[in-house]
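Sequence order for the protein chains is A and B. First residue of the first sequence: 1, per my numbering; consecutive thereafter. First residue of the second sequence: 130, per my numbering; consecutive thereafter.
You may find that some hints are simply not true.
Said to hold, decoys possible - Some but not every residue of chain A turned toward chain B, in silico, with C-beta under 8 Å:
hint : residue
1    : A15
2    : A18
3    : D35
4    : H38
5    : L42
6    : N45
7    : A49
8    : I52
9    : I80
10   : R82
11   : G97
12   : A103
13   : K107
14   : L121
Please keep in mind that the hints were generated in silico from the structure rather than gathered at the bench. By construction, the Cβ of each residue, glycine as well, lies at the ideal position given by its N, Cα and C atoms.
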Amino acid sequence: MSDSTTTRTFAADRAVLADVRRFVAAEAERLSFSDHAHDLQLAVNEACANAILHSQTREIRVSIGLVGACLQIAVEDDGIYRDKLPVPEVDREGHRGIPLMAAMVDKFTLRRGTEERRGTLVQFVKCKS
Amino acid sequence: MSEGFRIEPLDGDGVRLIGELDLASYDEAAHQLSRLLESDGDVTLDISELSFVDSSGIRLFIRLHLALEGRGTLTLRSPTPQVARILRMSGVADVGIGVEESGQ
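Working from the sequences, and respecting the hints, build out all of it.
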């Protein structure tokens with residue numbers, strides 16, 4: 001990312017989610033993306049919630065900056081990505097986090113942390129429409 | 130409970146959800162709302178002052194709906210436009226939850 005990038009580190013604890021959202025809103029405002037603040041908050045919230053619930057990481061790093069005319073956000077942990085495919089017949093209630101975060105942004109990529117190479121990286125790109 | 134979320138009883142029936150419903154407030158919200166399931170019948174949640182909902186909140190609404198099944202309907206009343214959009218995208222109406230937007 002560019003010189004405009006700000007990174008903040010959060011403990012991997014569900015109590016930090018409100019702080020994460022405040023950080024995202026403040027950065028969105030700083031970078032003139034206030035109109036998209038809610039969608040960016042939700043996307044980052046979901047990425048952090050997944051890390052907190054499933055990855056056994058101790059901390060989560062959130063970086064926000066501009067790439068060209070678009071906002072790029074990275075959410076990175078030191079854990080292992082644990083995913084489970086939803087079984088619709090028995091699991092009607094969950095597994096909305098990833099589709100929801102993907103729907104909030106223009107581009108969404110996920111690099112899974114594994115036993116051999118720990119650390120999951122979720123990246124979002126949001127452009128002004 | 131997260132300081133950014135609370136539940137208040139309404140004068141009539143039901144309760145009002147206020148603030149941000151997320152993974153941090155999920156357990157306490159689930160605990161408080163489970164009491165509404167003790168009586169038979171429909172459950173209405175006023176969400177006009179719910180400023181944020183994430184996938185945990187969606188999961189909670191769907192759990193309440195599933196717990197009610199056959200005995201009543203869960204209705205979410207007066208979401209803000211932002212929350213209404215997230216509810217639509219999450220397909221809560223498709224599983225049978227009522228969403229009453231203001232002006233309807």
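Tell me the hint numbers this structure goes against, listed in increasing order. 3, 9, 10, 13, 14
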